[in-house]
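Peer 1: Residues per chain are reported as follows:
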Amino acid sequence: MNLKKIFETRKIPLAWLLLTRQPLRILVAIAGISFAGILMFMQLGFRDGLFDASVTVHKLFNADLVLISPRSKSSISMSGFPRRRLVQTMGHKDVIGTTAVNWNFLLWRNPENLSTRSILALGFEPTKPLLIDSDFERKAETLKNKGRVLFDDLSRDEFGPISSWFNAGRLVETEVAGKRVRVSGIVSLGPSFGADGNLITSSETYLGLSPGNPKGSIEIGLVRLKDGSDIEKVVNSLNLNLPSDVKVMSLKSFIEFEKNYWKSSTSIGFIFTLGAAMGFIVGCVIVYQILYSDVSDHLPEYATLMAMGYNLRSLLGVVAREGFILSFMGYIPAYISGQALYALVRSSTKLPVEMSFSRASIIFCLILFMCMGSALAAMKKLADADPAEIF
Amino acid sequence: MNNLNKNTLRIVALNHWYGQGVMRRHVLQSISMKISPGEVVLLTGPSGCGKTTLLTLIGALRKVQDGDIKVLGKQLYGASRKTRQNLRKDIGMIFQGHNLLRCLTAEQNVQMGADLLNGFSYGSRRAQSREWLRAVGLEDHMSKLPHDLSGGQKQRVAIARALAARPKLLLADEPTSALDSSTGREIVDLLKKLALEQSCSVLMVTHDPRILDVADRLLQMEDGQLLPSV
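Protein sequences appear in the order of chains A and B. Start counting the first sequence at 0; every next residue gets the next number (numbering that gives the first Met the number 0). Start counting the second sequence at 0; every next residue gets the next number (numbering that gives the first Met the number 0).
Note that these hints are calculated values from the structure, not bench results. Where hints are given, some of them may not hold.
Said to hold, decoys possible - Derived DSS-like pairs (lysine-lysine); straight-line CA-CA distance at most 27 Å:
no. : chain 1 : residue 1 : chain 2 : residue 2
1   : A       : 380       : B       : 62
2   : B       : 88        : A       : 380
3   : B       : 88        : A       : 379
4   : A       : 10        : B       : 69
Said to hold, decoys possible - Only some residues are given here: those of chain A computed to face chain B with a beta carbon under 8 Å:
no. : residue
5   : 6
6   : 303
7   : 310
8   : 389
Each residue gets a CB set at the ideal place from its N, CA and C atoms; glycine is no exception.
Please model the complete structure; the sequences and the hints are all you need to start from.
Peer 2: Written out as structure tokens, the structure is:
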């Protein structure tokens, strides 16, 4: 009933007609707004993608708590701590299992063109859980033989066509840190900002590949707790009872710890946020220019409408509606291009850049704000419409 | 009868100045005049004599500086912006340069006038707009843009637009100046016929000697003063 009333009282959609009857102007406006939107989608997408990528492996760890050295600053600069500390945590009544993990960068030789590249290598005892992946246990079985590694098929292509060779049934052998290894399985982890690729191997193989590693020293300790344990309480009590050469944190804070490094200790956040801000400003200037010249061009017509009895408020409404329409018309192509570019980025960089609902809505709000703000600024020009001057 | 006695327009001792200080010019000097309902009045005079200023004052487009103007029973001297704005809805205006909205079709331009009416549905306002275009003889050009219409056709659309808001008073500023003589004649006759059907008074400013005979009354103006009527 109400809807019908609105339909009945509607008037000529002046804002819509003003825009659509000037195809060139609206095309320029849409191109400008979409460009600004795409710029914001890309910059914020890269930023969030890089932060998310920095914890792709962290998120997969089968653990409730994590032990690291207090000297470790991030995944690209992990320090070792005595493995004994991990054993000591078993003394706590809530701890049901631990896994010692070695974590370091080693040189991988591409078996196709023989070039070498730094790869993140994880070493662990294959009998213990490492990743939350139903199939991982079976793959870990293969690591019990010495010289076997699991290769991450999401690693960058520069490491060689490992997974396609492996899946084709070929025997894939190459060198890691100058020692011969054989790929015995494929996992999916994903590269991060610090590591272009990942491989997983047994502690025994790892120590063979990295003989300089101090004996009994590990970089990460994974701790699993009984169901229903109070994680915070266990963290506090372990931190209190263990010597200060080790730091205990929940898996969640370990992930935050890593993200935080990239956010605060690198310029990624600043650079990409600044890039998005530039897009926003460019968009504002374009929309303002379009609306301002639109109002200027139609000033005699606005004045005529005022002479006919339309009040200033209804004319301001026309400009506001123009801004509103433009924001939608500009956002839709920006969103679609954003999706396409994200797919392109995912396939070429393998970074986890996804269109998240929150980013999509934040950028919509920014574009709406951009268009309405520009419309507001362009409205000032309407004050120049003097109906007494048109005679 | 009472209605007949009520003037559509009554002006008493109207003065208007432009500029400040020594540059101040007295453009309207103690003008007094009346227009009755349904009357067609033509105002002539040399350019620069103050005709257009008078028209904008009557049309509530300018603030009245001194004197009384009562349009449709409303005093314009000291009237607020809002009062003037509302009054404009009851005053139709036709301009020298038609002033149609370039991005709207003939029909939509007329409906911009009809949209000022309250209490009609979109469909009925649309039907009225079409009816007006038929009345001015443009039924075959409803969906054309002003760009594709001839000068006479544009002025017809302007007349339809002005009348679509059902004004009680129609102000026209040299509506024929951009037209050739036969088209100008047609337009003025049409304007008079349609205005009278609506019992709408008309005040038309013109230079065009060929159309003077449509007037019920002729007013002449010179140097800001009305000459005694002939």
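Peer 1: Against this structure, judge whether each hint is valid.
Peer 2: How the hints compare with the structure:
As the CA atoms of residue 380(A) and residue 62(B) are separated by approximately 21 Å, the hinted pair is consistent with the 27 Å bound. For the hint linking residue 88(B) to residue 380(A), the alpha-carbon distance of about 24 Å falls within 27 Å, and the restraint holds. With a C-alpha separation of about 24 Å, the suggested pair residue 88(B) and residue 379(A) falls inside the 27 Å cut-off, and the hint holds. Annotation: proposed proximity of residue 10(A) to residue 69(B) is violated, straight-line Cα distance about 31 Å (limit 27 Å).
With 8 Å as the threshold, the beta carbon of residue 6(A) comes within range of chain B, its nearest partner Cβ sitting at about 7 Å, so the hint holds. This hint holds: residue 303(A) has a C-beta 4 Å from the nearest C-beta of chain B, less than the 8 Å allowed. Nearest Cβ of chain B to the Cβ of residue 310(A): about 5 Å, under the 8 Å cut. The hint holds. Interface hint status for residue 389(A): upheld, as the beta-carbon distance to the closest one in chain B is roughly 6 Å, under 8 Å.
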